[in-house]
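Enquirer: Numbering (the numbering used here), first residue to last: 1 to 115.
The hints are simulated quantities; they were obtained by calculation from the structure and are not laboratory data. Ideal Cβ positions, reconstructed from N, Cα and C, are used throughout, including at glycine. Treat the hints with care, as some may be off.
Claimed, not checked - Estimated spans, in silico, between C-beta atoms of each pair:
hint, residue 1, residue 2, range
1, ARG88, CYS55, 14 to 22 Å
2, LEU62, SER103, 14 to 22 Å
3, ASP50, THR84, 26 to 34 Å
4, THR84, SER59, 15 to 23 Å
5, LYS85, ASP50, 23 to 31 Å
6, ASP50, ASP83, 27 to 35 Å
Stated by the list, open to error - Below, computed lysine to aspartate or glutamate pairings styled on EDC-like, alpha-carbon distance capped at 16 Å:
hint, residue 1, residue 2
7, LYS85, GLU64
8, LYS53, GLU111
9, LYS53, ASP107
10, LYS97, GLU64
11, LYS110, ASP81
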Amino acid sequence: MDKYSCFCIRIATVHLATPVAPSGVMKVLLQVAFLPTLLITICSSDPFEDFLKKCSYPSGCLQETPPVSICVSDTHPYGYDSDTKTCREMPRGRCGKICNKFSTLEDCKKECSSL
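Please construct the entire structure, taking both the sequences and the accompanying hints into account.
Expert: The structure is reproduced here in structure tokens:
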């Protein structure tokens, strides 16, 4: 099983002293001081790409899409539609680890054309 690892980098922490009578500018600076430290997470590999390597085709083309959940974007927008027996662009929001997701229409056709 492929593992992936992540690590964080701390970018900045702001510390300001509280003045006796804060001015308008100092109030803004004080608000910035209470923001959490900015962290950037860097991962060595994509867990979804690792999952896709374990899929078997053409049976993976028939895997049902789970219920739509909240996703902003999808890097694998194509899938096999068993009703029309064609590969097509699927609705956005297909989250989760399913094998019936492809980054290009050509990849979908290559894996699912025998169905």
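Enquirer: List, from low to high, the hint numbers that the structure doesn't satisfy.
Expert: none
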